[in-house]
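Asker: The primary structure of each chain is shown beneath.
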Amino acid sequence: MQLEVVVRSLTVSGTATLLAASWSVPLAYFLVKSRSSRVLIPLLEGLVGVPTVLIGLLLYMLLSSKGPLGPLRLLYTPQAIAVGQSILITPLITSVSYRVLTHSWGRYGELALSLGADEVEAMRLVLSESLPGLLGAVIMGFSRALGELGIALMVGGNIKGYTRVMTTAIALEVSKGEFELATWLGIFLVGIIALISLSLRFLGVKDDRTP
Amino acid sequence: MIELRDVWYRYPGGPWAISGVNLRFEGRHVLVGPNGSGKTTLLKVSSLIYRPTRGKVLVNGVDFWGLDGRRRRELRRQVVYVHERPILIRGTVLDNLAYPLIMRGYSREEALKIGREALSTINAEHLAEKRRKELSTGEAQLISVLRALILRPKVLMLDEPTAHLDFDRREVLLNLLKGVEVLIVATHDPLLVEELGGSLIRMSGGRAEYEGAHDLSKGFWRRGNS
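Chains as they are written, first to last, in my numbering: chain E, 1 to 211; chain X, 1 to 226.
Next comes chain X alone, as it looks inside the complex (with noise of 0.2 angstroms):
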């Protein structure tokens, strides 16, 4: 469970990007808004790659940047998040499903056998040997998300998931998230939040100014949303 306590966060030199937040993650959530509102940001706060500026993030009630390194690893872990933008590293789809397990202690040879598992999965053994440049951006993204997921994070958030993906692959996507215990996704795709259920979360100049059950017949799409 991740909460976040009067959060301010900042980029170098620039106007507040997320202001005094104070939300509480468990379940599932999906944070709406329009582009600038700080989303992306509350995100990358939330999944710890981000010190706020101000303020705390509780994981299990820990205060994360009060622990030592080694702490933080550990809690870490137990948090993944996607971005918006598929980034694979160097190497085959395969190293990139690899790379977390080996980081993790796997052998190379237990991480690639994984690896090759969760893309038949998918049916998508196909790319296993493919490079990043091979790869079509909605391929990459499902790649991204299937990364993630082999981890079997306590806590998984994606920023824009269908933001690349055709209609199959996007049924693909939305299989994958059934499991995941703790989700929080931003998005712009009133049909994602239609079908991810879940508290609402609407972002609106740094602030989370709405939370509670999503009830599309509120017509929340039409509040600010781009």
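Extracted from the complex, chain E is given alone in its bound form (with noise of 0.2 angstroms):
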């Protein structure tokens, strides 16, 4: 039973994640060549502590029956739960990829250019040569989506065997008194984002830069 818990937060914060960096990568692109960032930037990373209990609130409200997005009648769905995560992770992995690209930006960028490329090619090397650092943003985003309570709980409902994720059978047993299986869960949670990062390490996203 409790490996299907696992199976869903993997999933739905998975989706999350894909999701998040699927624009967030391209928007700290776009803030990296525009001066806009000097605003945005600020924002985004003051952006990167809500609490997820305000998300949750907010897309709860948006939701609703009674809410604007009350007819898609996402409320109490694993899909609400990605959506708000992806949310939730989007001022992270975009301000993260933000720093990483200015600065392979002022190597790689400048290199293309100078050795006659375009825009174009120019970006290619840049997010060629900024892949282990976007990684790294990638799964910070991952970890905090599949570390987060407040989202699932309140767009998610911990309905067992439909929306029940990890962090909200953590919640549950503590609140059963049921501590051993809730450490346990704990454990495994943070066990697989550590595996995740080594799988990558060890698969050769690495950065071989000179020192």
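Heads up, some of the hints might be wrong.
[Claimed, not checked] Only pairs whose alpha carbons sit at most 20 angstroms apart, straight line, appear in this in silico EDC-like list of lysine to aspartate or glutamate: (1) X/154 / E/118; (2) X/154 / X/63; (3) X/154 / E/110; (4) X/154 / X/3; (5) X/133 / X/95; (6) E/33 / X/68.
No lab work stands behind these hints, which were simulated from the structure alone.
Reassemble the complex: the two chains are provided individually, in unrelated frames, and hints are given to aid placement.
Answerer: Structure follows, in structure tokens:
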């Protein structure tokens, strides 16, 4: 039964991470190339620590039957959790990717241009050279999504066999006084995050830059 | 030929890094001046990497930044700039040498062959399969210059090219530069100024203050170069 919760957690948070990465990395690149970053990046950095219950509440109001997105019937579904988590981790992935890409553009973007590249070729080189850093940003986002509770509880509803994920399961077990199971779930949660990070390292997605 | 007409450049939120520069690059030029005087910025604007905040950069008489993307790329390929701190991309030395050639439409095999030949001209075949973290800074710098030269650029701009080179590699570099048509070098190295010859441009506070044939007897080095 707990395995099903683990698989759901990974699927929901994985989907949220893919969604968030699909717009956060291009947004970060756009900000590197535009002057609007001077306003937007401090704002995004401030939003990194936004309470998950606040996003949960806003999403609940949007998705509830009387809310503007009520007709979509997304409330208390895994999809609602994925959307909420993707919103939650967007500032984190964007601001970390922005730092990575700013550094990379200063080196590899300029290098590509200096060797006769156009903007697209320069972007290709910058993204390829930034891959380890960008993956780091995405993993950070995934960890944050996997470990959040507020959104999963408020728009997921912790429905057994449908929207129960690891964090809501831990919260439930604690409320029942089942500390041992909650602790094991917690250890498993941290283990998964560490395993993914280490796997990427061993797969060779690492930086070989000159020190 | 590159010409700067009343060129100004400012980094976002910063002061003017270069201000009101008018220069014409033909033949050999050596750029001198203290740290922070605007040499690197001037080179990056002249090599079409930075778009000037004000003013025009003309390449063969054409306003570069007024052109469309395709035409810009064509002109940009005639001008190559080599950074002060060598920047190599992921992969081996050969991959690095092949990268700009592949970008210019060469097949990978052709590009690698040209890369190998280029390495043999400086007796550095042993570096072919090394990765960037396995190179010394001097080796990386020489590879950066070689990568620029195999493109046979019409204009080559070098920023502190001898900063990390020992005596032997410095000789190799000077030999490599012999055939370059238009060469602009920023340097703090008085010997290099003497060896390269050409006209001397002195940068100070973002302005190109002096232009003329270089004459060591006038003691340019003592006038504010560090």
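Asker: Would you mind marking each hint as holding or not holding in the structure?
Answerer: Comparing the hints with the structure gives:
1. X/154 / E/118: Between residue 154 of chain X and residue 118 of chain E the Cα gap is close to 18 angstroms, so the pair holds against 20 angstroms.
2. X/154 / X/63: holds (17 angstroms)
3. X/154 / E/110: Roughly 19 angstroms between the alpha carbons, so the hint for residue 154 of chain X and residue 110 of chain E holds.
4. X/154 / X/3: holds (14 angstroms)
5. X/133 / X/95: holds (14 angstroms)
6. E/33 / X/68: holds (18 angstroms)
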